[in-house]
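Produce the entire structure from the sequences given, and follow the hints as far as they go.
This note's numbering numbers the first residue of the sequence shown as 1 and each following residue consecutively.
Possibly wrong hints are sitting among the right ones.
Claimed, not checked - Computed beta-carbon distance windows for the label pairs:
(1) Ile-210 - Leu-135: 23 to 29 angstroms
(2) Leu-135 - Val-113: 31 to 37 angstroms
(3) Asn-155 - Asp-108: 39 to 45 angstroms
Rather than coming from a laboratory, the hints here were simulated on the basis of the structure.
Don't be surprised by glycine CBs; every beta carbon is placed ideally from N, CA and C.
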Amino acid sequence: MPDKKLCLLVTFLSICCFLFSPAAIAAPMATPEQQVEKIQDLYRSLTSLSFDFNQLTQNGGRIRKGAGNALFFRPEGHPGVMRWNYTEPDPQVILNDGIKLSIYTKNDNQVIVTSADALQSDITYAFFVGTRNVLDDFTALPAGDRFLFNNSEKNIQAVRLEPKEPHPQIKVLHLWFDSNFYIQKLIMEDHFGSLTELTFSKIKSNTLDIHSPETLSSITRLDLPPGTEVISQ
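Now the structure itself:
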């Protein structure tokens, strides 16, 4: 379901970006607002970010799992590129090249193409690419103990974000981050009680050459088989 997955990645993927020097250790007494600012400062400083992810969506009694890898790249003179490669449950690529958003679903033999403008105000894209200040639209609050993250080795801390104005997809967003302010996990709850969880691993930053046209070309290329249906929206 490309549209559903797009909403999840646009509203729940709109949160991360880019680094040059190691960040300071997270201060245990920092306020939630200060923690979110530190996270945003980190991601805005990065030029590339890659990671593997596992996704778990709970809707009523139904559970849907997904997995794959993702890449955010901000080459010199370019607004930024976002690519999510799903390997489970079905092969799918979600690519924002800065101009258009393409969703290629292999099993459907089709690619949906729309303007990338829809992502600019979204929270996950805002975090990853630094397009706007998250605290302009969300209130940062203590995380509470409703959800836990089982990884004490990384000195994980958490914060909760609630929209200041009614948001079409997000009721509340929970973030877990390590001592360097890299996001390790997200949980988004919508207005119907559905939960979408993303857990990140193998996180790497600033590994790509921002001056390389070849690197940008390889990331934004979609190898579509002959006969692929193109749906423009």
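**OP:** Using the beta carbons of Asn-155 and Asp-108, state whether their distance is inside 39 to 45 angstroms or not.
**Re:** holds, 43 angstroms
Original post:
Is 31 to 37 angstroms a correct range for the gap between the Cβ atoms of Leu-135 and Val-113?
Top reply: holds, 32 angstroms
Original post:
Do the beta carbons of Ile-210 and Leu-135 sit within 23 to 29 angstroms of each other?
Top reply: Given about 27 angstroms between the Cβ atoms, the range holds.
Checked against the numbered hints listed earlier, the structure breaks none of them; every hint is satisfied.
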